[in-house]
Amino acid sequence: MKEIVERLNRLLKSVSRPIGLDIEVEESGDHLIFIDADGEPITNDGEEIIAATPEELAQKTFLTEFAVRAWRAGMMAKYQEISRARSEP
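Taking my numbering, the leading residue of the sequence shown gets 237, the next gets one more, and so forth.
Take these hints with a grain of salt, some might be off.
As the list claims (entries may be wrong) - Only pairs whose alpha carbons sit at most 20 Å apart, straight line, appear in this in silico EDC-like list of lysine to aspartate or glutamate:
1. 296 - 281
2. 314 - 291
3. 249 - 283
4. 314 - 239
5. 249 - 276
6. 314 - 274
7. 296 - 258
8. 249 - 239
9. 238 - 291
10. 249 - 301
11. 238 - 281
12. 249 - 291
13. 314 - 258
14. 238 - 292
15. 238 - 263
16. 296 - 324
17. 296 - 239
18. 249 - 281
19. 314 - 283
20. 314 - 292
21. 238 - 272
22. 314 - 266
23. 238 - 283
24. 249 - 263
25. 249 - 324
26. 249 - 262
As the list claims (entries may be wrong) - Ranges of calculated distance between the beta carbons of each label pair, as one might list FRET restraints:
27. 300 - 238: 32 to 42 Å
28. 297 - 237: 16 to 26 Å
29. 325 - 301: 17 to 27 Å
30. 294 - 262: 27 to 37 Å
31. 299 - 325: 18 to 28 Å
32. 321 - 253: 24 to 34 Å
33. 246 - 311: 36 to 46 Å
34. 263 - 301: 24 to 34 Å
35. 315 - 241: 37 to 47 Å
36. 243 - 276: 31 to 41 Å
37. 325 - 297: 41 to 51 Å
38. 324 - 294: 40 to 50 Å
39. 242 - 322: 16 to 26 Å
Hints listed in this document are in silico derivations from the structure and should not be mistaken for laboratory results.
Even for Gly, the Cβ is constructed at its ideal location relative to N, Cα and C.
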């Protein structure tokens, strides 16, 4: 699983950093989740956004689904970053 995480993070860095997003994936139990630049899980209404399950990693269409989830996680990370900035005095 570690090798998969490293590959996905390289992929994410190559496509997300140029547009100002800083997200990665990490293991959380038996699945992968998205984390932000601070190492915090990216959530949607308090629920971690799952990057992939072991079953999904085995599917041929995995990268398409992963790309959609990465986009969603990136947008949530940006939203959370803006919300934190607005709440600071």
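How the hints compare with the structure:
1. 296 - 281: Given that 20 Å is the threshold and the Cα spacing comes to 30 Å, the pair is violated.
2. 314 - 291: This hinted pair is violated, its Cα atoms lying about 29 Å apart.
3. 249 - 283: Roughly 23 Å between the alpha carbons, so the hint for residue 249 and residue 283 is violated.
4. 314 - 239: At roughly 27 Å apart (the allowed maximum being 20 Å), residue 239 and residue 314 break the hint.
5. 249 - 276: Holds: residue 249 and residue 276 sit about 17 Å apart, inside 20 Å.
6. 314 - 274: holds (12 Å)
7. 296 - 258: Status violated; Cα separation ~26 Å.
8. 249 - 239: Distance ~15 Å between residue 249 and residue 239 Cα, so the pair holds.
9. 238 - 291: holds (16 Å)
10. 249 - 301: It holds: about 17 Å lies between the C-alpha atoms, which stays within 20 Å.
11. 238 - 281: violated (28 Å)
12. 249 - 291: Violated. Residue 249 to residue 291 sits at ~24 Å, over the 20 Å cutoff.
13. 314 - 258: holds (9 Å)
14. 238 - 292: holds (16 Å)
15. 238 - 263: holds (8 Å)
16. 296 - 324: violated (44 Å)
17. 296 - 239: Distance ~18 Å between residue 296 and residue 239 Cα, so the pair holds.
18. 249 - 281: With Cα atoms ~25 Å apart, residue 249 and residue 281 exceed 20 Å; violated.
19. 314 - 283: The hint holds at about 16 Å.
20. 314 - 292: violated (26 Å)
21. 238 - 272: holds (18 Å)
22. 314 - 266: Status violated; Cα separation ~26 Å.
23. 238 - 283: This hinted pair is violated, its Cα atoms lying about 23 Å apart.
24. 249 - 263: holds (17 Å)
25. 249 - 324: Given pair residue 249, residue 324 is violated - Cα atoms ~28 Å apart, limit 20 Å.
26. 249 - 262: holds (14 Å)
27. 300 - 238: 32 to 42 Å: violated (23 Å)
28. 297 - 237: 16 to 26 Å: holds (20 Å)
29. 325 - 301: 17 to 27 Å: violated (40 Å)
30. 294 - 262: 27 to 37 Å: Violated, at about 19 Å.
31. 299 - 325: 18 to 28 Å: Roughly 42 Å apart at Cβ, these two residues miss the hinted range, so it is violated.
32. 321 - 253: 24 to 34 Å: violated (19 Å)
33. 246 - 311: 36 to 46 Å: Cβ of residue 246 to Cβ of residue 311: about 21 Å, so the range 36 to 46 Å is violated.
34. 263 - 301: 24 to 34 Å: Violated: the Cβ-Cβ distance is about 18 Å, outside 24 to 34 Å.
35. 315 - 241: 37 to 47 Å: violated (24 Å)
36. 243 - 276: 31 to 41 Å: violated (22 Å)
37. 325 - 297: 41 to 51 Å: For residue 297 against residue 325, whose Cβ atoms are near 46 Å apart, the range 41 to 51 Å holds.
38. 324 - 294: 40 to 50 Å: holds (43 Å)
39. 242 - 322: 16 to 26 Å: Roughly 34 Å apart at Cβ, these two residues miss the hinted range, so it is violated.
Checked against the numbered hints listed earlier, the structure breaks hints 1, 2, 3, 4, 7, 11, 12, 16, 18, 20, 22, 23, 25, 27, 29, 30, 31, 32, 33, 34, 35, 36, 39; every other hint is satisfied.
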